[in-house]
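Protein chains in written order, with our numbering: chain C, 1 to 216; chain R, 1 to 117.
No lab work stands behind these hints, which were simulated from the structure alone.
A virtual CB, placed ideally from N, CA and C, is assigned to each residue, including glycine.
A hint or two may mislead.
[Said to hold, decoys possible] So the derived label-pair ranges between C-beta atoms look like this:
#	chain 1	residue 1	chain 2	residue 2	range
1	R	Val-99	C	Ala-193	22 to 30 Å
2	C	Glu-192	R	Arg-104	34 to 42 Å
3	R	Phe-81	C	Ile-95	29 to 37 Å
4	C	Leu-105	R	Glu-114	46 to 54 Å
5	C	Arg-185	R	Val-99	37 to 45 Å
6	C	Thr-10	R	Thr-110	13 to 21 Å
7	C	Glu-192	R	Val-99	26 to 34 Å
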Amino acid sequence: MNGVEGSSATDVAFWVISAVAIAASIMVVTLRDIFRAALFLALSFMAVAGLFILLRAEFLAVVQVLVYVGAISILIVFAIVLVRDIPGGGKDNHIRVVAAIVAALLGALAIFVVFNSDFTDLDALEASNADVAAALTGTYNLDDTETLGDEFEDQYAIAPPAGEDGTQTGIFSNSTGAIGGLFIRDFVLPFEAVSVLLLAAMIGALALLRQREEGS
Amino acid sequence: MTLENVLLVSAILFAIGLYGALAKSNAIMVLMSIEIMFNAVNVAAIAFSRFTVPAGLTDTPVVVTQQAVQRALTGQMLSVFVITAAAAEIALGLALVIVVYRRRDTVDVTDLTEMSG
Chain C
1 MNGVEGSSAT DVAFWVISAV AIAASIMVVT LRDIFRAALF LALSFMAVAG
51 LFILLRAEFL AVVQVLVYVG AISILIVFAI VLVRDIPGGG KDNHIRVVAA
101 IVAALLGALA IFVVFNSDFT DLDALEASNA DVAAALTGTY NLDDTETLGD
151 EFEDQYAIAP PAGEDGTQTG IFSNSTGAIG GLFIRDFVLP FEAVSVLLLA
201 AMIGALALLR QREEGS
Chain R
1 MTLENVLLVS AILFAIGLYG ALAKSNAIMV LMSIEIMFNA VNVAAIAFSR
51 FTVPAGLTDT PVVVTQQAVQ RALTGQMLSV FVITAAAAEI ALGLALVIVV
101 YRRRDTVDVT DLTEMSG
């Protein structure tokens, strides 16, 4: 059931993409040239989009490329050009050493916690309840999975249509449709709230930049 | 690729972003570092969404309900909202940076000391 996921090719891809993301991020915080730092930031965003694909979040990978690489990076480059402080841009301030120690300590603490926690892993579920694990991640056949029951079709109304042989793909095999369903159903209130947030941010940015022009 | 490995990458990215946010004197660099931290959080949320089992699905027999689907994708939904908040934050942050630059001719956060007593 793991298929391609369990193969070493996925592991190699994961470590290569992770190395690119981390190296690009280190370049962002160490480079003195702020314009180059912005370009490495875009590379870091792209690598994180690759991680999203490996984690079966295709929709978010596309959103990541559109919003981060396409919008936020460009916005940052615009700001750098407007501010015209490129050469001395990446300068460190006086608490640099303290900042490095704090960041290293927090990172070490997070890594310690990660490797000492007991997560309910999908692998454990596969051992105890393979049908449910298949419904989440892999492919399964509705007729063969008794534990899923007849109620499944009624309650999981956003399931993608079954293939010709009756097999159906799991939630994470095609998550975009499920995410769209959740947006207009379970998460409709947060969805409306963030649209108001974006509107407020847009009006706020316009108000900030207009005020100065009237004053001058 | 296990949950621990993905969270390890996420923790490293977050630490790098935290260092940049604290150690940089240029306001735009601080905003860029904050974006790296947002990215690290998104990676962690999606990793949890992908690798951990939604509550209520560990017992047998079980019915995959709408609620279970919602739980299975909660991490991805969280990431969508984090990305939205990050977009709003960077728009306002850069607007503030440009306003500060017009008034003070600098975006060095160590020079902006009007609020310090």
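Check the following: the C-beta atoms of Glu-192/C and Val-99/R are separated by a distance inside 26 to 34 Å. Holds: the Cβ-Cβ distance is about 29 Å, inside 26 to 34 Å.
Okay, Arg-185/C versus Val-99/R on CB: inside 37 to 45 Å? Holds: the Cβ-Cβ distance is about 40 Å, inside 37 to 45 Å.
Do the beta carbons of Val-99/R and Ala-193/C sit within 22 to 30 Å of each other? holds (26 Å)
Should the hint that Phe-81/R and Ile-95/C are 29 to 37 Å apart at their CB atoms be regarded as holding? holds (32 Å)
Looking only at beta-carbon atoms, does the pair Glu-192/C, Arg-104/R fall within the given range of 34 to 42 Å? holds (38 Å)
With respect to the beta-carbon atoms only, verify the hint that Leu-105/C and Glu-114/R lie 46 to 54 Å apart. Given range 46 to 54 Å: violated, Cβ gap about 31 Å.
For the range 13 to 21 Å, tell me whether the beta carbons of Thr-10/C and Thr-110/R fit it or not. violated (45 Å)
Going down the numbered hints, you'll see the structure goes against 4, 6, while the others check out.
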